[in-house]
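Make the full structure from the sequences, and use the hints.
Number of protein chains: 2
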Amino acid sequence: MNINEIAKLAGVSRATVSRYLNDGYVSQEKRQAIKTVIDATGYTPSVQAKMLRTNKTMQVGIVLPEIRSDFACEMGDGMTSVLAEKGYYILLGNAKNSTSRELEYLNIFRNNRVDGIIFIPTGYSEEKQKFLDQLTTPCVVIGQQMKGHSCVCFDDYEAARNMTELLVRRGRRQYAMLAVSRSNWGVKQEQDGFRAVLSEHGIPDDHIIITETGYGISDGYQAMRQLLSRKPEIDAVFVAADEIAVGAVNAVRDLGRRIPEDISVVSLGDTKLAEIISPKLTTARYFYRESGVEAAEMLLEMMEGKNLTARVRKMGFEVICRETV
Amino acid sequence: MNINEIAKLAGVSRATVSRYLNDGYVSQEKRQAIKTVIDATGYTPSVQAKMLRTNKTMQVGIVLPEIRSDFACEMGDGMTSVLAEKGYYILLGNAKNSTSRELEYLNIFRNNRVDGIIFIPTGYSEEKQKFLDQLTTPCVVIGQQMKGHSCVCFDDYEAARNMTELLVRRGRRQYAMLAVSRSNWGVKQEQDGFRAVLSEHGIPDDHIIITETGYGISDGYQAMRQLLSRKPEIDAVFVAADEIAVGAVNAVRDLGRRIPEDISVVSLGDTKLAEIISPKLTTARYFYRESGVEAAEMLLEMMEGKNLTARVRKMGFEVICRETV
Numbered sequence: 001m002n003i004n005e006i007a008k009l010a011g012v013s014r015a016t017v018s019r020y021l022n023d024g025y026v027s028q029e030k031r032q033a034i035k036t037v038i039d040a041t042g043y044t045p046s047v048q049a050k051m052l053r054t055n056k057t058m059q060v061g062i063v064l065p066e067i068r069s070d071f072a073c074e075m076g077d078g079m080t081s082v083l084a085e086k087g088y089y090i091l092l093g094n095a096k097n098s099t100s101r102e103l104e105y106l107n108i109f110r111n112n113r114v115d116g117i118i119f120i121p122t123g124y125s126e127e128k129q130k131f132l133d134q135l136t137t138p139c140v141v142i143g144q145q146m147k148g149h150s151c152v153c154f155d156d157y158e159a160a161r162n163m164t165e166l167l168v169r170r171g172r173r174q175y176a177m178l179a180v181s182r183s184n185w186g187v188k189q190e191q192d193g194f195r196a197v198l199s200e201h202g203i204p205d206d207h208i209i210i211t212e213t214g215y216g217i218s219d220g221y222q223a224m225r226q227l228l229s230r231k232p233e234i235d236a237v238f239v240a241a242d243e244i245a246v247g248a249v250n251a252v253r254d255l256g257r258r259i260p261e262d263i264s265v266v267s268l269g270d271t272k273l274a275e276i277i278s279p280k281l282t283t284a285r286y287f288y289r290e291s292g293v294e295a296a297e298m299l300l301e302m303m304e305g306k307n308l309t310a311r312v313r314k315m316g317f318e319v320i321c322r323e324t325v
Numbered sequence: 001m002n003i004n005e006i007a008k009l010a011g012v013s014r015a016t017v018s019r020y021l022n023d024g025y026v027s028q029e030k031r032q033a034i035k036t037v038i039d040a041t042g043y044t045p046s047v048q049a050k051m052l053r054t055n056k057t058m059q060v061g062i063v064l065p066e067i068r069s070d071f072a073c074e075m076g077d078g079m080t081s082v083l084a085e086k087g088y089y090i091l092l093g094n095a096k097n098s099t100s101r102e103l104e105y106l107n108i109f110r111n112n113r114v115d116g117i118i119f120i121p122t123g124y125s126e127e128k129q130k131f132l133d134q135l136t137t138p139c140v141v142i143g144q145q146m147k148g149h150s151c152v153c154f155d156d157y158e159a160a161r162n163m164t165e166l167l168v169r170r171g172r173r174q175y176a177m178l179a180v181s182r183s184n185w186g187v188k189q190e191q192d193g194f195r196a197v198l199s200e201h202g203i204p205d206d207h208i209i210i211t212e213t214g215y216g217i218s219d220g221y222q223a224m225r226q227l228l229s230r231k232p233e234i235d236a237v238f239v240a241a242d243e244i245a246v247g248a249v250n251a252v253r254d255l256g257r258r259i260p261e262d263i264s265v266v267s268l269g270d271t272k273l274a275e276i277i278s279p280k281l282t283t284a285r286y287f288y289r290e291s292g293v294e295a296a297e298m299l300l301e302m303m304e305g306k307n308l309t310a311r312v313r314k315m316g317f318e319v320i321c322r323e324t325v
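Residue numbers (the UniProt record's numbering), protein chains in the order written: chain Z, 1 to 325; chain Y, 1 to 325.
Don't take every hint at face value.
If several chains are the same, the list does not tell them apart, and a pair holds so long as it fits within one copy or across any two.
[As the list claims (entries may be wrong)] Using 25 Å as the maximum straight-line C-alpha spacing, the simulated SDA-like pairs for lysine to any residue come out as follows: (1) K96 - G202; (2) K128 - M303; (3) K35 - E85; (4) K8 - N111.
Simulated from the structure, these hints should not be mistaken for lab results.
All values reported here derive from a predicted model rather than from experimental measurement.
Here it is as structure tokens:
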């Protein structure tokens with residue numbers, strides 16, 4: 001069954017069938033005739049042919065750092081809700097925390113396989129900035145500020161300040177931060193926020209230590225063990241993400257120290273892990289799902305040519321006081 | 001820049017450039033000439049046009065029950081590893097636990113947007129079976145047996161038996177199961193395995209209770225609270241999935257009962273949650289990531305027309321004895 005045959009059966013011209021399939025104007029009567037034939041014959045138009053005609057793929061490419069991380073899945077859930085409703089499909093680029101794989105996916109998506117891109121970078125790099133600068137496909141970045149591009153960001157500086165304040169108010173003396181070892185706009189903000197609060201409260205520099213670590217639970221575990229063996233007097237720890245904090249909390253417990261009696265731990269994120277561990281994690285809730293929704297809505301506007309001005313949307317956050325301070 | 005211009009610059013025919021772009025035979029010399037022109041001009045062939053010519057999309061559609069569930073993401077990670085290496089892209093269908101959305105995605109994928117499908121159903125239904133029976137696109141199902149179709153399954157019966165044995169060996173008397181309320185092949189197997197072991201050990205029927213619940217942490221929490229208020233003498237609980245078990249463990253604790261002193265809890269899955277909660281969960285490790293790898297490899301063979309016989313690949317499992325028995 002092809003367009004010519006449908007046209008013949010419906011008693012209309014080939015051009016009319018083509019307009020019908022491409023959502024162009026067709027009179028009510030002819031529309032009904034074509035629909036009847038299509039329903040009866042079970043004809044399905046070739047998606048590829050339609051893509052070629054309309055120069056639209058109705059696909060959005062998403063490049064995310066790791067499909068197994070809770071926050072990326074939350075964002076993904078938010079995006080798919082918005083995009084699915086508008087008839088867009090998601091082409092998934094799982095970068096597995098590799099910068100080269102990120103660029104590879106961006107490159108593939110650029111070559112007209114998608115109408116738009118949502119990019120959650122592992123971190124900042126000049127290469128990525130340059131790539132985005134040259135990109136003509138609409139693109140929204142999440143969790144990172146890329147100059148000249150539309151971004152949905154978290155308020156890492158202010159959130160870090162708030163969580164650090166909790167430690168100070170608890171009267172702690174020896175401060176440590178487990179930071180993510182990434183060249184990342186947010187990471188820098190978190191460290192700045194942490195340092196600023198401690199400095200404002202007159203905590204001396206030799207009572208502050210910042211260690212970098214990888215992103216997983218086991219990374220947090222190892223980093224915390226090392227930190228406490230090097231500096232057992234630490235009694236306040238600010239961790240850059242829940243996933244890392246889960247490892248850190250386990251390490252503290254395995255070393256026979258009590259949370260929060262001996263050591264206070266705070267974190268950023270409030271993924272589902274935060275409420276599952278014991279004691280429950282005091283952390284800042286980031287609106288991950290909502291950030292996915294925002295990014296998708298921004299992208300939709302861009303793909304429709306409505307709002308092409310680069311914007312930075314900063315998400316709010318919420319301090320959730322549970323049991324670790 | 002188009003094919004004609006490239007042909008002119010490279011001093012070859014248009015047909016030769018076309019063969020080059022579609023991986024057909026081109027002499028070494030001409031290949032070099034075309035490559036030089038393409039590299040110099042930065043020409044990227046239209047993906048849509050290539051799809052239309054080759055009738056291949058190099059895309060695989062994945063329909064999964066919920067992007068936020070750990071096991072689905074593990075499977076997704078396994079699939080993307082295998083498929084990305086072969087140059088396939090993943091089109092993501094997030095069904096959000098809705099049967100109608102599952103069918104919607106399958107329907108979209110069928111209309112030649114993808115070369116193959118991996119389907120992780122929320123459960124069994126005749127409608128889905130019928131849909132698959134009529135499907136001509138290669139498809140592999142995970143976690144469910146669909147008659148006549150290639151499936152990667154888990155050994156739910158045997159795993160349920162093994163976990164229930166642990167409860168019996170601990171000398172428990174009042175048994176409960178938190179089952180998933182889905183019409184699902186695996187769910188039936190789990191219940192059968194649970195019942196069979198208890199019957200073999202002469203546990204009377206009135207000491208056995210099976211309750212159905214939803215899939216989330218809060219579902220498990222509520223179901224467990226209700227169960228214990230209805231039948232406080234319960235001392236052994238078999239939960240159908242880690243996610244539900246996390247809620248159940250929290251409910252037991254909130255009711256002031258101790259695990260494992262007062263109540264033993266076992267589960268199925270061994271997602272990352274199992275090791276994070278306290279006490280750590282005794283559960284059966286399902287090879288989720290590996291099942292994604294297996295499914296992708298089966299699908300690759302089918303898409304290449306190599307092995308079209310329907311197969312059922314049953315994954316093994318591993319009993320992980322932690323702290324809840």
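These are the hints, each one checked on the structure:
no. : hint        : in the structure
1   : K96 - G202  : neither (41 Å within a copy, 50 Å between copies)
2   : K128 - M303 : within (21 Å within a copy, 34 Å between copies)
3   : K35 - E85   : within (23 Å within a copy, 42 Å between copies)
4   : K8 - N111   : between (37 Å within a copy, 23 Å between copies)
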